[in-house]
Amino acid sequence: MPLFSLEDESIEIIREAVATARNPVMLYSIGKDSSVMLHLARKAFYPATPPFPLMHVDTGWKFRSMYTHRDRMAAESGMKLLVYKNPEGEAAGINPFIHGSNYHTDVMKTQALKQALDLHGFDVIFGGARRDEEKSRAKERIFSFRSPGHRWEPKAQRPELWSLYNTSIHAGETIRVFPISNWTELDIWQYIRDEQIAIVPLYLSAERPVVQRGGQWIMVDDERFPFEPGEEPAMKRVRFRTLGCWPLSAAIESDAETLEAVIAETLHASCSERQGRLIDSDVPGSMEKKKQEGYF
Amino acid sequence: MASERVKDIVASLEAESRKETLRFITCGSVDDGKSTLIGRLLFESKNIFDDQLTSLESDSRHYGTQGEKIDLALLVDGLQAEREQGITIDVAYRFFATDRRRYIVADTPGHEQYTRNMATGASTADLAVILVDARKGLLVQTRRHSRIAAMMGIRYIVLAVNKIDLVGFDEKIFSAIEADFRKFAEGQAYFAIQAIPLSGLEGDNVLFTSPRTPWYSGPSLMEYLELVDVRAVSGRSAFRMPLQWINRPNLDFRGYCGRIAEGEIRPGDALRILPSGVQTRVKSIIRGFGEVAYACQGQSVTLTLMDEVDASRGDVVAAAEDPPQSADQFEARLLWMAEQVMTPGRHYLMKHACREVTVTITKIKYREDANTGAHLATETLGLNEIGTVNLSTSAPIVFEPYRVNRLLGGFILIDKLSFETVGAGMINFALRRAQNIHWQALEVNKAARSAIKHQKPCCIWFTGLSGSGKSAIANVVEKKLYVEGRHTCLLDGDNVRHGLNRDLGFTEADRVENIRRIAEVARLMVDAGLIVLVSFISPFQSDREMARSLFAEGEFMEVFVDTSLAECERRDVKGLYAKARQGELKNFTGIDSPYEVPLTPEIHVQGMVSPEEAAGMILSLLTL
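Quick note, the sequences are listed as chains A and B, same order.
For the first sequence, counting from 1, position 184 maps to 1621 in the numbering used here; every step adds exactly one.
For the second sequence, counting from 1, position 417 maps to 950 in the numbering used here; every step adds exactly one.
There is no bait here: all hints are sound.
If the Cβ cut is set under 7 Å, some of the chain B residues that face chain A in the computed set are:
#, residue
1, Ile542
2, Ile622
3, Asp623
4, Phe628
5, Phe822
6, Gln832
7, Ser833
8, Met870
9, Gly943
10, Phe952
11, Thr954
It should be emphasised that the hints constitute simulated quantities derived from the structure, not laboratory data.
C-beta: ideal position from N, C-alpha, C; glycine also.
Taking the hints into account, I'd like the entire structure generated from these sequences.
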């Protein structure tokens, strides 16, 4: 019963973090991994509501249907939802099309996250990262220690034995906790199916307006798309393997309209899900660098 | 989509979720090819995506160690520093699946300095693939890792004799290494050892048996992993669950949450809450969003109980008819993971099950030689050393020996100041049962003794360099208290070393013991109702913390006499600095032994304050 043992492990992690935290928060990014993490948290504390808020670090560039889904899930869970946008970035009108994915991500995600964490003084922060996503993630502990300033020191991680997590920290230090570290993409999909977890419809195939950029399909989600002269969106049957800012999330062509079909495609996929993320491949070792600077 | 196709998918999903998961590690010495072997397993079992392969090809050109060929190790060595240096620093977790099983593999580093990361991987694994370079045979690090694997409870070992291609597929070399390992393994508690000659680089005997080793009739690595049965055969399984969280959403509901460490449970079962021993019965078991009629080991559940019992996080819920022991003194095996040596007498935080207590190592019985396993006498344990120790906890804990249950027998030690994880331990057995020992309840107590002296007893602890003026200030304080009619006692470093502590020298271990004794004496005196002044250099923060922990809140006042080294050396009242500078005195604080500055002393006497002024500051803070 592999899925069950993953679920039990994740619930144990969530409870342990909450039992030892002073001021915990769950980062909620609206994607499938966050959806599973939220579901696990609700199970961990049932019949109570999870005793911490959800926080969404908003870039202002998420898909419209993600915002709808976010508000619905917050209401359904009964948890408090905190939304944070980097005010300087917002005032400067940071735009991934103009400023590039690197700068956009740094200002609107990494810096914004740090600002939000400092603002509320959270000491334990849940994130929905998985070790199978990327090589530097594969190296990260479940309870991942951050020095003041939110820096990750990959060469000096605390040993992590059995399920005995060292949760002791000094003022200013924080711990990021990854309850679904040991899940794979396939586990996530199977669990979503088995537990009938609501997800953003963009994960399933439908006809959507897309434009090809750099060999990848970008969906035109609102009027901010900078068309080249004479450029028109094409209607294609597409879906997304990961969701983030819409200009930075590439769609794949697919007919998978049901979860079963998505799972079938995942089983036979020849590319990893992060391929559709335009920010990982900017510079070599880029995920590790971003993580050291405080990115999730 | 055709309904047939959907049916197929659903069937394959069901099959997928019935697959069992095997967790294993690869370990061994540096350059034995661990990362390359995992890369090979992932690559050949088609668990690598196209885009990962593309970036692997470009990485191989950048950092590769295999010339024109792709370097499979780079699939696993994910940190920039690892790729640049071509070594593994931290454990990487990789996931792959076959038609039969799902695997979580932890690739652990071979360098001695990263042994703690190897232990991290080993603590959750069922099987270890120990790599040996066929050209080199067993090395110290091979034996160290094999020993840690055994210590962590790994019972299934694959001895992967790697790079067999580089020794011409020579059977004699393979057999000699296997014989060598089996001899070594006699002293370890393994259940099964499978030796396999292979080449991670070329792929021989990795997925399929190789025609180049016709003399080898055993399984390939993958064949073995697919078939090995690692499920522990446990003779006994009484219910045990450490309490992780008490769920109280409202006055009508009280749930006891945890992950079941052993055994099974049904509504109506009789339970005992430990260490209090209170008995009750299970009312209901909640798992996820509903009630279940049965739960077992490994499951995270919430229990409701028939009675309102007093139970909190860290307690253990157990089968009433077969509860585990509780004790506060143990023998344990300990792997030390910090640069700073472990010295008996220091206090550490111990995390065990869901509980944190203060612990002291009371004695190191021996340490194990990394190569031979021989028992060696020692006063301290250094980085990556394994020892067997006695330890004493500040409160009784509910436990099982590690060999019986990993979750109730394993613990970590945390430094009280830096909060680093410094040790990993496994309980062998209790030295005595705590339930049989009770504190003698005394009728004439501290409060009574202080009352007839008309004072509130306390300990004023002076710390600072030799010659900083500690004793001078302490003398003034004592005189003023005496004039006020207070009952005092002054314990001075030099004087105590002439008597009580004359058997101690100035090594770090002796200094720890010196402070421990004096702190205990001071506590007895405070119990007697006295105001105790302790004037000791006490250079180590952890020792001062230890002293503080012996006293009640508000009973301990740390006075840091902060005179600069230059000034102390200029004064050199006893001529000791001159001797130390000439090398006649070893381990002299400030010269060749460190002084750790107090971070939060109650009183900080700085610079050129006179003893009278300093005494005034101290007296104004005393509430007598």
